[in-house]
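K.L.:
These are the residues of each chain, in order.
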Amino acid sequence: MRVDAKLICKSCDEKLERITGDRCSMCSRGLAGNSSSGELCFDCLRWEGNGEWSGYLSNNISLFHYNEYLKEIIAKYKYRGDYALASIFIPYLKEMLRDIEYDLVTCIPLSVERLKERGFNQAQALADLLGLRTIEVLTRIDTEKQSKKSRHERIALPQVFHVTKNDLLPNQSILVIDDIYTTGTTLRQAAKALKKAGAKEVSSITLCR
Amino acid sequence: MKKKSISAPYSPELQNHLTGKHLLAFEIPFSKELLAEHLSNGYVSEACGVQSTNGSYHCVRCGNKEQTMFYTFPCKICDRDCTYCRSCIMMGRVSECAKLYRWTGPGIQFTIPDSVMSWSGTLSAGQQKASDRVVEAVKGKDEFLVWAVCGAGKTEILFPAIEAALLDGKRICLATPRTDVVLELSPRLKEAFPAIEVTTLYGGSAERHGFSPLTVSTTHQLFRFIEAFDVIIVDEVDAFPYSIDDSLHYAVDKSKKASASTIYLTATPSKRMQRLYRSGKLKAAIIPARYHRQPIPIPEMKWCGNWKKKLLQKKIPPAISRWVSERLEQKIPFLLFFPSIEVMEQGIPLFQMLSPNLKIVHSQHPERKERVMAIRNGDVPGLLTTTILERGITIERLEVAVIGAEHEVFSESALVQISGRVGRSFVHPLGTITFFHYGKSKAMIEAIDHIQRMNRAAWERGLLDA
Ligand SMILES: [Zn+2]
Ligand SMILES: [Zn+2]
Ligand SMILES: [Zn+2]
Ligand SMILES: [Zn+2]
Chain G
681 MRVDAKLICK SCDEKLERIT GDRCSMCSRG LAGNSSSGEL CFDCLRWEGN
731 GEWSGYLSNN ISLFHYNEYL KEIIAKYKYR GDYALASIFI PYLKEMLRDI
781 EYDLVTCIPL SVERLKERGF NQAQALADLL GLRTIEVLTR IDTEKQSKKS
831 RHERIALPQV FHVTKNDLLP NQSILVIDDI YTTGTTLRQA AKALKKAGAK
881 EVSSITLCR
Chain C
762 MKKKSISAPY SPELQNHLTG KHLLAFEIPF SKELLAEHLS NGYVSEACGV
812 QSTNGSYHCV RCGNKEQTMF YTFPCKICDR DCTYCRSCIM MGRVSECAKL
862 YRWTGPGIQF TIPDSVMSWS GTLSAGQQKA SDRVVEAVKG KDEFLVWAVC
912 GAGKTEILFP AIEAALLDGK RICLATPRTD VVLELSPRLK EAFPAIEVTT
962 LYGGSAERHG FSPLTVSTTH QLFRFIEAFD VIIVDEVDAF PYSIDDSLHY
1012 AVDKSKKASA STIYLTATPS KRMQRLYRSG KLKAAIIPAR YHRQPIPIPE
1062 MKWCGNWKKK LLQKKIPPAI SRWVSERLEQ KIPFLLFFPS IEVMEQGIPL
1112 FQMLSPNLKI VHSQHPERKE RVMAIRNGDV PGLLTTTILE RGITIERLEV
1162 AVIGAEHEVF SESALVQISG RVGRSFVHPL GTITFFHYGK SKAMIEAIDH
1212 IQRMNRAAWE RGLLDA
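These protein sequence lines are chains G and C, in that order. Position in the first sequence (first residue = 1) + 680 = my numbering. Position in the second sequence (first residue = 1) + 761 = my numbering.
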């Protein structure tokens, strides 16, 4: 399998914008103007101010700004299913992973139907090309089952993940891999499920923010 | 597969959707059960999208054989290592486990009204002669070349041939590599053939289409067809970007029936085509004159020194700035062609010192159409452009200059096309074309020779007014 075949040219590579400089210490969002590094962004302040969500996700590291160019690449990768594009990010992810400590690494899962449709999980593909030994500790809760819950239940507790291997989690630092950190909802839900199941700490790494 | 049983019922809707097509399951908006039923009746057949022979992959949809354009991944659809084609991925992933479906059941019967064409324009003598030969050509199953100079009016000469083919019950496709050409041709064909369905296909067009007797499509979209057309007309055949030439030829070949005739239409046939024509292997009709019966202006070559170095030093070579200033003074609209976006972007601030209203255009430019409109309306005195504007635009009184004409992007055909922008109208059949260079290239000389030959041929055939 050829992973090294040049996937994007130098000038395209330059269109990837690394997140540098001042950023939110929790979610990697670039901070503008008067906030300085080490502070939390507005989003994270809100999450952490909410008793139901505070203290679950320790931190998220993102590599790139989700600019127009990266949007195109990610769309082609995820929705067109061009698996090969994952390898663009591997050297960057490798470099980042050197500084992250964890006991167990896992990926945000896709639903079974989605996986059968796309043929691969975009986060898992990254982990596989990185040579990481991931453990599937999360599954998506069936959306059909979810729709059977009362309306109130769904709104109050939009639970999406179910922990499978509970015995592996106690006292472990978990690293979760996903492709994009947009609102942070997905990762915070995963973190909450994992911590409730006994994980010591949950952090995440994503391609873009 | 079971033997075809003629009497088995079939779904006319599926037939309509799938006839002549080569589609992935997600492109077929019918139930799995219906598809399975037709497969077992032999009305539909399926094939793996990516296949391998002796360890070498090929894509059945786009013909890709370049091994670096395949990739193998752990596929959760087939639960094994699965290879897919990266070349045509934007049309939906074709892999070893993804099937391509085609209709192999009864053919579609359609009727064409006797007066199918409402176009009643007249053709020039040169057009008429070529048109008669195309009418002949669509009856056979050979290849035929229409070599018509820029501004000859080549679309009109097709109308009688399309009419003849339709009346013969044939299915016709007019294909071109460029989306803007599709968008320009589609309404003209709909107007000329109002009684029939005309399907228009390009990247991003509404994707679900049934059967129609006449299709206008980008060559790229032809990947979704197989043995569909009785006549295929390929416009601007030489506008295939060189690197993807093979795959687009594959698309044309795959989309037509074995018995189909193929008509190529261009102002600048490739060397290969010119050779085939000269050796008598490819029949052709040549229209060497414009419909306005005036010769095509001949480009002049002008040495301008090391233009690349000058621009880096933030100076316009004097010969070029003189050329531009003259046109600004006389209010003659002009295009300046640059070899690359990079050189053009170095140039624009310098040229804007001559006139702040000058603008640039390139393939990635969002305001391309608006800027072309602006020069046409006189809101902008001139445009700096890459070869993107080499074809398909007509601007009254336009003059052009090529900066660094010896650069390799300016092939013979590019230079002929660029020159073909000038002198297109009845009122203004003349105009200047200047190739600014730092050492003449073979392509420059060949381009000038090409235009002179066409003018000579036009004189000899009496297609020009004295
Ligand atoms: Zn590139
Ligand atoms: Zn934050
Ligand atoms: Zn392909
Ligand atoms: Zn597969």
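It is worth saying that the hints were derived from the structure and are not from the lab. All figures in this text were calculated on a predicted structure; none of them were measured in a lab. Note that beta-carbon positions come from the ideal geometry of N, C-alpha and C, so glycine has one too. One or more hints might be untrue.
[Stated by the list, open to error] Distance condition first, Cα-Cα at most 27 Å in a straight line; then the derived DSS-like pairs of lysine-lysine: (1) C:K902 <-> C:K890; (2) G:K774 <-> C:K1201; (3) G:K796 <-> C:K900; (4) C:K837 <-> G:K758; (5) C:K1071 <-> C:K890; (6) C:K902 <-> G:K756; (7) G:K695 <-> G:K751; (8) C:K890 <-> G:K796.
[Claimed, not checked] Simulated restraints, written as ranges between beta carbons of each label pair: (9) G:I821 <-> C:A808: 35 to 41 Å; (10) G:I699 <-> C:L1073: 44 to 50 Å; (11) C:D840 <-> G:Q839: 55 to 61 Å; (12) G:D847 <-> C:D840: 24 to 30 Å; (13) G:G710 <-> C:E1169: 37 to 43 Å; (14) C:C839 <-> G:E732: 39 to 45 Å; (15) G:T844 <-> C:T829: 45 to 51 Å; (16) C:G971 <-> G:R698: 57 to 63 Å.
[Unchecked claim] Here are some chain C residues pointing at chain G (derived, C-beta under 8 Å): (17) R847; (18) M851; (19) R854; (20) I1206.
K.L.:
Could you work out which of the previously given hints the structure breaks and list their numbers from low to high?
P.N.:
2, 3, 5, 6, 8, 10, 11, 15, 16 and 20
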